[in-house]
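A.B. asks: Chains B and F, in that order, give the protein sequences.
First residue of the first sequence? That's 0 in the numbering used here, and the numbers climb one at a time after it.
First residue of the second sequence? That's 1068 in the numbering used here, and the numbers climb one at a time after it.
What the hints contain is simulated information worked out from the structure, not anything from laboratory work.
Since we're looking at a predicted model, the values are computed, not measured.
All residues carry an ideal CB built from backbone N, CA and C; glycine is no exception.
Heads up, some of the hints might be wrong.
From the derived model, a few chain B residues whose C-beta atoms are all more than 10 angstroms from chain F [said to hold, decoys possible]:
no. : residue
1   : I13
2   : L68
3   : Y91
4   : D107
5   : T118
6   : P124
If you only want the chain F side, here are some residues facing chain B, beta carbon under 10 angstroms, derived [to be verified]:
no. : residue
7   : G1150
8   : T1152
9   : Q1174
10  : G1175
11  : A1180
12  : K1312
13  : A1315
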Amino acid sequence: MSVKEQSMRRVTAIRNGTVIDHVPAGKSLSVLKMLGIEGENSNPVSLVMNVPSKKMGGKDIIKVEDRELTQNELDRLALVAPDASVAIIRAYSVAEKLEINLTDEVVDVARCTFSNCITTNHREPLPHRLVVTNRAPLELRCRYCGKTQEVDGLINNLL
Amino acid sequence: MSGIITMDDLTNEEIISILDDAERLLPVAEGRLHLPLLQGRILGNLFFEPSTRTRMSFETAMKRLGGGVVNLGDVKTSSVVKGETLFDTIQMVDGYTDIIAMRHPRQGAAQYAADSARVPILNGGDGAGHHPTQTMLDLFTIRRAHGTLENLNVVLAGDLRYGRTVHSLSHALTRFGCSVIFASPDTLRMPEEIIADLRANGAEVTETDDLLAQISGADVIYMTRIQKERFPDEDEYSKVAGAYKLHANDLDDANAEMIIMHPLPRVDEIHPSVDKTRHACYFQQAFNGVVTRMSLMCWLLSVPVPEDVEAAGGAL
Chain B
0 MSVKEQSMRR VTAIRNGTVI DHVPAGKSLS VLKMLGIEGE NSNPVSLVMN
50 VPSKKMGGKD IIKVEDRELT QNELDRLALV APDASVAIIR AYSVAEKLEI
100 NLTDEVVDVA RCTFSNCITT NHREPLPHRL VVTNRAPLEL RCRYCGKTQE
150 VDGLINNLL
Chain F
1068 MSGIITMDDL TNEEIISILD DAERLLPVAE GRLHLPLLQG RILGNLFFEP
1118 STRTRMSFET AMKRLGGGVV NLGDVKTSSV VKGETLFDTI QMVDGYTDII
1168 AMRHPRQGAA QYAADSARVP ILNGGDGAGH HPTQTMLDLF TIRRAHGTLE
1218 NLNVVLAGDL RYGRTVHSLS HALTRFGCSV IFASPDTLRM PEEIIADLRA
1268 NGAEVTETDD LLAQISGADV IYMTRIQKER FPDEDEYSKV AGAYKLHAND
1318 LDDANAEMII MHPLPRVDEI HPSVDKTRHA CYFQQAFNGV VTRMSLMCWL
1368 LSVPVPEDVE AAGGAL
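Just chain F, same shape as in the assembly (with noise of 0.2 angstroms):
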């Protein structure tokens, strides 16, 4: 069994097909609609470095749809720091589990475990590597708000060499048709090799360092955080953090459907009175984690997702 480990292992087909599953998936997901589909299933929580909203959203996910959940808790008390490999670890879970979200500090570690299991595996981020369920889920939100996912403008903006959330997004969206436009310093552009890609696949690719000039344009604005641990010293990270800011007034010129997105957590690069405005979409975004994790469950353990939700469900 493989699972889904990049994007790769998708179709632009049952991309479609699992976001709309997750669409249908809304009411249960916002507890308002009793519907056990994966009742009887574990998943296996296995998180080798921290994270909260992804391991929090696959495990209220399942919860939802009457399935339970098994940690493994923190690396420092778990039997990795006696040294145990992955591949003894994935053993040992993929007995006690119907299906697996990791993540992994080292690249690769996903395929890996998918390779050693029987069950599948969810990808919840590996080293630098993918995570294709936050660009699920991403697709999922962007879909949302404009109904489509083709031949849309979407600027990626803030860290764009380390962040793996853009790295993978941008490969999605090209495939749907959409322009995407690159907005970083110099220090933190897009890898060469990813923009190499998306131009030999036909993508409209533009790079720039003014995030500002692109606002008026954009259907999507995608913001990430410029991590500090990237950075060798505090003085090099001081240069360019804070350079990709937005504040409500920035919008002005901003389209009416234009949505703000962010992989969370913020820190200035979006500042609060953003929030207020009908363009911010990061935490209804975070929240489409759970109904998109729900759907991508269902799809990798063969559960239909009725069509008509609202019959099959009950009330809670």
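Chain B extracted, bound-state conformation (with noise of 0.2 angstroms):
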């Protein structure tokens, strides 16, 4: 059985919804928290973590039942997950495969990560707003103050 093939059985198969392969190692609670899936109310959630690939050296895969992920939820991935294989999954089948795209503004993903932005002020109700200046490796740039950021400092400050 090779390495693929191990990682995807130690979870069963779904019937219907999505599959997001190729999530860093260790980052699926990132990815599932920009989901919004947390919490009791969420649909059925299978994860397998740190999981061996040879893309990747390790891995993290999440399924989500009965859930169809829209390209735009798939795009805030980006910041966590840039690499990631997304499939659609009907009647067990793969019915649509989907990437991520890194869009050139991440908005309302994440909160500039700068203690004075005038963003850290939680009543301000305009979009969080991260212009993407690179795109290999990742820079971002807060639109209102200019900080550059740290990556892991945006996955702490996920909205």
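Could you fit the two chains together into a complex? Lean on the hints.
C.D. replies: Printed below as a string of structure tokens:
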């Protein structure tokens, strides 16, 4: 059995829903948070963490049952899992393959990490906007204060 | 509408055009000519933290051009203390005015306001961020003295770490091919990321801790105040405060045309003996804030400044 097959079979196949593969090892909890999947009220979710991957060394896999993630929702994941591959599953088969796109501006995904930025006032209503200034390696600046953001810091500041 | 939030909002050509307009507006700024180009327009002065020169010069600029001014007043007695967001404050003032000048302690506040407003925003300082109208008046002062902005040797001295004025100015000067020399104590050096940016754009940048050695080769010496509130304690402040002082006696070897600038207020960094020398330019610089802001407001409100201001204007 290949490494891929071993990883995928750690949890059972889902009938309908979304499979997010190639999430960087250990980042799946951040992904769930970004998708608003937490607490008791979410759909059934299966998580596989820190499994071997030929491509990445180690990776996480997420299976969300009975929910088809939209492209817009997936693009929010670019901050933590830019190379994740996504499959929409219908009747146990892959119905659609989607990719995560890094947009020019990451809107309302994370709060600026600079402590004196105007957006640290939680009551200010405008969207949190991080401008992508470089794609590889990923570099972002807050649209408002202009400060360069550490991606790890942003993950701690997810909205 | 956006306004002028950083110097990046202006091209070199636009900077020159605004400075040209400012030159023509000098007789109006000096009160020698009546030219109500902005009659009927209202400036909203929103200063969320203390300011003397910037706030007063914006107000003077609008009034010299025949417009009106409404002020936020003391933040302590405004709706801000009741917890009003910047967004809401801007929505309100946006409805009252045609243009807003703003200073705010939070970085990014000016861009935030610009994204919230219908009228143009002039950033009068946002935290340690940008202060583009100060940069414009500095450029105006330098060009008035030297007839050009190109290829000058400019020494920036004092607190280069925290001073937003010198950050914006060094970017602007190098856009016009000036060489910049940063003279500061080690603890107050220009931030690395700014030096890297300047060098990446091909600028000639020198760092030193010896201000006096730079005087003879300078076209401009731009002094800044070393601010007490930037230091964790009095001892730390005392160590560096006063290390960068100019006295008239230090200027014997200076070029005749060299000018000394300072965004003011000064404390000890320029001795009063310098005031009487031909090099002292800081009070003229403060006045230039009025005429430069007049020009900026005309530009943002799309009101052309007449080529022949004397013919267009009248007696006061």
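A.B. asks: A separate judgement is required for each hint: does it hold in the structure or not?
C.D. replies: Results for each hint:
no., hint, in the structure
1, I13, "42 angstroms, holds"
2, L68, "29 angstroms, holds"
3, Y91, "47 angstroms, holds"
4, D107, "14 angstroms, holds"
5, T118, "7 angstroms, violated"
6, P124, "5 angstroms, violated"
7, G1150, "7 angstroms, holds"
8, T1152, "5 angstroms, holds"
9, Q1174, "4 angstroms, holds"
10, G1175, "3 angstroms, holds"
11, A1180, "9 angstroms, holds"
12, K1312, "30 angstroms, violated"
13, A1315, "39 angstroms, violated"
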